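There are 2 protein chains.
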Amino acid sequence: MMQTLQNDRLIRAAFRQPVDRAPVWMMRQAGRYLPEYRAVRGQTDFLTLCKTPELAAEVSLQPYDILGVDAVIMFSDILIPVEAMGMELELIESKGPVFHTPIRTAEQIEQLIIPDPTEKTPYALDTIRLLRKQLNNAVPLIGFAGAPFTLASYMVEGGTSKNFAELKKMMYSAPRLLHQLLDKLAETITIYLNAKIEAGAQVVQLFDTWAGELSPQAYAEFALPYEQKIFAGLKREGIPAIMYINGCGNILEQMATTGADVLSIDWRIDIGDARRRLDAAGFGNLSLQGNLDPCILLGTQETIAASVRDILQKAGPVGHIMNLGHGILPMVPVENARTFIDTVKSNQ
Amino acid sequence: MMQTLQNDRLIRAAFRQPVDRAPVWMMRQAGRYLPEYRAVRGQTDFLTLCKTPELAAEVSLQPYDILGVDAVIMFSDILIPVEAMGMELELIESKGPVFHTPIRTAEQIEQLIIPDPTEKTPYALDTIRLLRKQLNNAVPLIGFAGAPFTLASYMVEGGTSKNFAELKKMMYSAPRLLHQLLDKLAETITIYLNAKIEAGAQVVQLFDTWAGELSPQAYAEFALPYEQKIFAGLKREGIPAIMYINGCGNILEQMATTGADVLSIDWRIDIGDARRRLDAAGFGNLSLQGNLDPCILLGTQETIAASVRDILQKAGPVGHIMNLGHGILPMVPVENARTFIDTVKSNQ
Numbered sequence: 004m005m006q007t008l009q010n011d012r013l014i015r016a017a018f019r020q021p022v023d024r025a026p027v028w029m030m031r032q033a034g035r036y037l038p039e040y041r042a043v044r045g046q047t048d049f050l051t052l053c054k055t056p057e058l059a060a061e062v063s064l065q066p067y068d069i070l071g072v073d074a075v076i077m078f079s080d081i082l083i084p085v086e087a088m089g090m091e092l093e094l095i096e097s098k099g100p101v102f103h104t105p106i107r108t109a110e111q112i113e114q115l116i117i118p119d120p121t122e123k124t125p126y127a128l129d130t131i132r133l134l135r136k137q138l139n140n141a142v143p144l145i146g147f148a149g150a151p152f153t154l155a156s157y158m159v160e161g162g163t164s165k166n167f168a169e170l171k172k173m174m175y176s177a178p179r180l181l182h183q184l185l186d187k188l189a190e191t192i193t194i195y196l197n198a199k200i201e202a203g204a205q206v207v208q209l210f211d212t213w214a215g216e217l218s219p220q221a222y223a224e225f226a227l228p229y230e231q232k233i234f235a236g237l238k239r240e241g242i243p244a245i246m247y248i249n250g251c252g253n254i255l256e257q258m259a260t261t262g263a264d265v266l267s268i269d270w271r272i273d274i275g276d277a278r279r280r281l282d283a284a285g286f287g288n289l290s291l292q293g294n295l296d297p298c299i300l301l302g303t304q305e306t307i308a309a310s311v312r313d314i315l316q317k318a319g320p321v322g323h324i325m326n327l328g329h330g331i332l333p334m335v336p337v338e339n340a341r342t343f344i345d346t347v348k349s350n351q
Numbered sequence: 004m005m006q007t008l009q010n011d012r013l014i015r016a017a018f019r020q021p022v023d024r025a026p027v028w029m030m031r032q033a034g035r036y037l038p039e040y041r042a043v044r045g046q047t048d049f050l051t052l053c054k055t056p057e058l059a060a061e062v063s064l065q066p067y068d069i070l071g072v073d074a075v076i077m078f079s080d081i082l083i084p085v086e087a088m089g090m091e092l093e094l095i096e097s098k099g100p101v102f103h104t105p106i107r108t109a110e111q112i113e114q115l116i117i118p119d120p121t122e123k124t125p126y127a128l129d130t131i132r133l134l135r136k137q138l139n140n141a142v143p144l145i146g147f148a149g150a151p152f153t154l155a156s157y158m159v160e161g162g163t164s165k166n167f168a169e170l171k172k173m174m175y176s177a178p179r180l181l182h183q184l185l186d187k188l189a190e191t192i193t194i195y196l197n198a199k200i201e202a203g204a205q206v207v208q209l210f211d212t213w214a215g216e217l218s219p220q221a222y223a224e225f226a227l228p229y230e231q232k233i234f235a236g237l238k239r240e241g242i243p244a245i246m247y248i249n250g251c252g253n254i255l256e257q258m259a260t261t262g263a264d265v266l267s268i269d270w271r272i273d274i275g276d277a278r279r280r281l282d283a284a285g286f287g288n289l290s291l292q293g294n295l296d297p298c299i300l301l302g303t304q305e306t307i308a309a310s311v312r313d314i315l316q317k318a319g320p321v322g323h324i325m326n327l328g329h330g331i332l333p334m335v336p337v338e339n340a341r342t343f344i345d346t347v348k349s350n351q
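As given, the protein sequences belong to chains V and W, one line each in that order.
By our numbering, the letter at position 274 of the first sequence is numbered 277, and the numbering carries on one by one without gaps.
By our numbering, the letter at position 320 of the second sequence is numbered 323, and the numbering carries on one by one without gaps.
Since the hints were made in silico from the structure, they are not lab data.
Do not rely on the hints blindly, as some may be mistaken.
It does not matter which identical chain is meant; a pair holds if it fits inside one copy or across any two.
Said to hold, decoys possible - Straight-line Cα separation of at most 20 angstroms, SDA-like style, residue types lysine to any residue; simulated pairs:
no. : residue 1 : residue 2
1   : Lys98     : Lys165
2   : Lys348    : Ala109
3   : Lys165    : Ile95
4   : Lys165    : Glu96
5   : Lys238    : Pro118
6   : Lys172    : Glu338
7   : Lys348    : Glu91
8   : Lys187    : Ile95
9   : Lys232    : Pro333
10  : Lys317    : Pro219
11  : Lys172    : Pro333
12  : Lys172    : Ala309
13  : Lys98     : Gly161
14  : Lys172    : Val22
15  : Lys232    : Leu92
16  : Lys187    : Ala109
17  : Lys165    : Glu305
18  : Lys165    : Gly99
19  : Lys172    : Leu332
20  : Lys172    : Thr306
21  : Lys238    : Pro228
22  : Lys165    : Arg35
23  : Lys165    : Ser97
These numbers come from a predicted model, not from an experiment.
Given only the sequences and the hints, what does the whole structure look like? Please build it.
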């Protein structure tokens with residue numbers, strides 16, 4: 004597969020092979036900071052956009068066409084497979100997702116189905132097939148999914164949360180119930196990601212965005228085993244796997260055991276320290292992705308360029324995919340995103 | 004001073020002197036989880052409660068009377084001195100603070116005054132004097148303040164924030180402006196805490212709650228120097244100083260240089276690891292406070308007791324003040340808070 008890609012930097016960096024420069028893309032790069040995205044989005048609601056392959060493919064390609072990133076990530080939402088499990092989902096982009104009937108009982112968990120992606124979310128696979136055709140092997144196409152702990156947080160809380168109090172209440176008072184839910188999610192996501200790979204995804208990224216809110220002990224019990232289960236269940240020869248956790252600094256060595264090839268880290272940890280810790284713990288074979296604070300893209304061009312060069316230097320020339328530490332914010336000026344991308348590209 | 008206290012465990016633990024058991028209290032222990040607090044609060048608004056010494060003292064003493072904690076913290080809010088600097092503050096307890104005119108310009112910063120606490124916030128000092136009289140040296144009285152970075156976050160954002168985008172925009176596009184604000188805040192808080200010590204506070208705790216949202220580099224530039232400045236400016240012989248940061252795992256060794264005697268840590272880092280890291284970095288002289296996940300108090304009695312004993316064992320018998328990793332949540336059942344306190348007390 005790699006031979007066929009015109010730009011295979013991301014694949015090579017993920018597997019720690021030599022590259023002329025670090026590959027670069029941005030989490031949430033198909034998003035509201037782009038006027039072209041807002042133009043498409045203005046004519047349709049968020050869920051319809053996710054579910055219409057032509058539109059989803061169009062916005063997925065925008066950051067490639069406009070900014071020249073080294074990878075395209077298919078436009079979707081981590082809660083799409085959760086809706087397919089049988090939960091009624093409302094997505095208000097500016098407010099976040101809402102489940103009007105949050106999960107609280109064993110009966111509710113039993114009623115959730117493990118969806119067949121070809122039947123329940125065919126649009127996601129069609130989007131991938133369409134994007135592969137349109138990309139014509141220019142750059143790799145990333146497919147993604149949310150990890151069980153993070154998906155469960157939305158399902159139990161009923162939406163976004165500040166303290167994850169409902170989820171943790173279940174965790175610390177009915178742990179077996181939560182494990183039942185996490186098990187079902189792990190199976191769903193394994194099938195879902197395998198279907199994406201089969202449809203043509205050339206890289207997979209698993210988002211356990213909120214797992215950094217856990218104590219290291221709780222992470223080991225309620226998040227890590229399910230991340231491991233998913234990576235172990237993927238049919239992914241030659242397909243690099245990326246694991247993202249926001250706030251991963253305290254659990255980096257645990258995260259290194261998920262089975263991913265690349266750890267995508269947030270900005271709260273120095274990437275040079277992360278590299279040294281991984282090497283010291285026997286994980287010199289893993290690559291790193293990240294880790295610019297997304298808010299630095301609200302700063303001056305000079306600050307952005309200097310911060311990017313600092314990260315590139317600290318991460319070293321091998322095994323690094325440049326990215327933000329979290330998704331790009333809607334209020335970022337496009338020229339600042341361009342400075343981010345261009346600084347990486349000129350750093351050879 | 005210590006000789007006069009009937010229960011001086013917290014002072015002794017802060018200075019790494021032998022204790023029969025770890026002292027215990029809870030951040031936000033005078034709060035909405037207590038029906039007795041809600042009864043007082045139901046008759047007055049939050050700011051009036053802060054500004055009325057008799058009422059503030061009454062709710063401050065409730066957790067001591069009801070749960071038997073080893074220290075009393077005076078009821079107040081970190082934004083009280085900010086209001087005294089000349090910013091109009093609205094405090095809605097369930098929603099958080101609101102500044103209707105957030106700080107964005109040099110002119111606004113110049114207009115802020117450095118308030119004289121005896122003149123502008125006499126009620127805070129009166130509350131301390133009243134509490135000292137009512138406590139009659141039973142347990143130590145803690146005075147507290149917010150640190151400049153965290154206070155600036157509310158002043159620039161105009162309230163609570165998810166990404167701190169406005170604050171970081173200033174940080175990365177107009178750093179000198181932010182430094183001006185932080186300087187003025189450091190001076191204000193130094194004077195404010197010294198006045199509290201003079202009024203009778205026997206322990207001080209500085210809250211830089213949101214400094215864990217910064218990259219280690221940004222912490223070193225925008226938070227740490229101001230924390231250091233405050234601790235260096237306190238007249239505090241025999242008065243232990245506690246430094247709290249939520250999400251401090253990546254900056255623990257930097258935090259150890261603030262000048263505080265005790266580092267109060269959140270639950271995302273294993274307290275045994277924190278102890279080992281401090282010892283390895285030459286900070287074996289510092290004590291630790293924390294670090295139970297506040298959400299564990301939503302779990303079963305068994306889970307609470309087991310989690311408390313695990314932390315006590317990992318922290319070791321010397322130099323540990325038991326506490327939560329963040330403030331107690333309003334929905335915690337009082338009997339669960341009691342289990343937390345009683346488990347510590349029975350662990351001799």
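Now for the hints, and whether the structure bears them out:
Taking identical chains as interchangeable, the C-alpha atoms of Lys98 and Lys165 lie at most 20 angstroms apart whether they share a chain (13 angstroms) or sit on different chains (12 angstroms). Taking CA atoms no more than 20 angstroms apart as the test, Lys348 paired with Ala109 passes in neither setting, with 51 angstroms inside one copy and 36 angstroms between copies. Taking the shortest alpha-carbon separations for Lys165 and Ile95, both the intra-copy value of 18 angstroms and the inter-copy value of 17 angstroms come in at or below 20 angstroms. Taking identical chains as interchangeable, the C-alpha atoms of Lys165 and Glu96 lie at most 20 angstroms apart whether they share a chain (17 angstroms) or sit on different chains (15 angstroms).
Taking the closest pair of Cα atoms, Lys238 and Pro118 come within 20 angstroms of each other only inside a single copy of the chain (18 angstroms); across copies the shortest separation is 65 angstroms, beyond that limit. In this homomeric assembly, Lys172 and Glu338 come within 20 angstroms of each other (Cα to Cα) only across copies, at 15 angstroms, whereas the closest approach inside a single copy is 44 angstroms. Neither within a single protomer nor between protomers do Lys348 and Glu91 lie at most 20 angstroms apart by alpha-carbon distance, with minima of 43 angstroms and 47 angstroms respectively. In this assembly of identical chains, Lys187 and Ile95 lie within 20 angstroms of each other by CA distance neither inside one copy nor across copies; the values are 26 angstroms within and 40 angstroms between.
When the C-alpha separation of Lys232 and Pro333 is checked against a cutoff of 20 angstroms, the pair qualifies neither within a copy, at 34 angstroms, nor between copies, at 36 angstroms. For a Cα distance limit of 20 angstroms, the shortest separation of Lys317 from Pro219 across copies, 13 angstroms, qualifies, whereas the shortest one inside one copy, 26 angstroms, does not. Taking the shortest alpha-carbon separations for Lys172 and Pro333, only the inter-copy value of 13 angstroms comes in at or below 20 angstroms, while the best intra-copy value is 33 angstroms. Taking the shortest Cα distances, Lys172 and Ala309 sit within 20 angstroms of each other only across copies (16 angstroms), while inside one copy they are farther apart (44 angstroms).
In this assembly of identical chains, Lys98 and Gly161 lie within 20 angstroms of each other by CA distance both inside one copy and across copies; the values are 13 angstroms within and 19 angstroms between. Taking CA atoms no more than 20 angstroms apart as the test, Lys172 paired with Val22 passes in neither setting, with 47 angstroms inside one copy and 33 angstroms between copies. With identical chains, the CA atoms of Lys232 and Leu92 are never at most 20 angstroms apart, being 26 angstroms at best within one copy and 50 angstroms at best between copies. When the C-alpha separation of Lys187 and Ala109 is checked against a cutoff of 20 angstroms, the pair qualifies only within one copy, where the shortest distance is 12 angstroms, while the shortest distance between copies is 55 angstroms.
For the homomeric pair Lys165 and Glu305, neither the shortest alpha-carbon distance inside one copy (34 angstroms) nor that between copies (25 angstroms) is at most 20 angstroms. Taking the shortest Cα distances, Lys165 and Gly99 sit within 20 angstroms of each other both inside one copy (13 angstroms) and across copies (13 angstroms). For the identical chains of this complex, Lys172 and Leu332 are inter-copy neighbours only, at 12 angstroms across copies versus 31 angstroms inside a copy, given an alpha-carbon limit of 20 angstroms. Taking the shortest Cα distances, Lys172 and Thr306 sit within 20 angstroms of each other only across copies (11 angstroms), while inside one copy they are farther apart (42 angstroms).
Proximity of Lys238 and Pro228 under a CA criterion of 20 angstroms is satisfied intra-copy only: 18 angstroms inside one chain copy versus 51 angstroms between copies. Taking CA atoms no more than 20 angstroms apart as the test, Lys165 paired with Arg35 passes between copies only; the shortest distance there is 17 angstroms, against 23 angstroms inside one copy. Both within a single protomer and between protomers do Lys165 and Ser97 lie at most 20 angstroms apart by alpha-carbon distance, with minima of 16 angstroms and 13 angstroms respectively.
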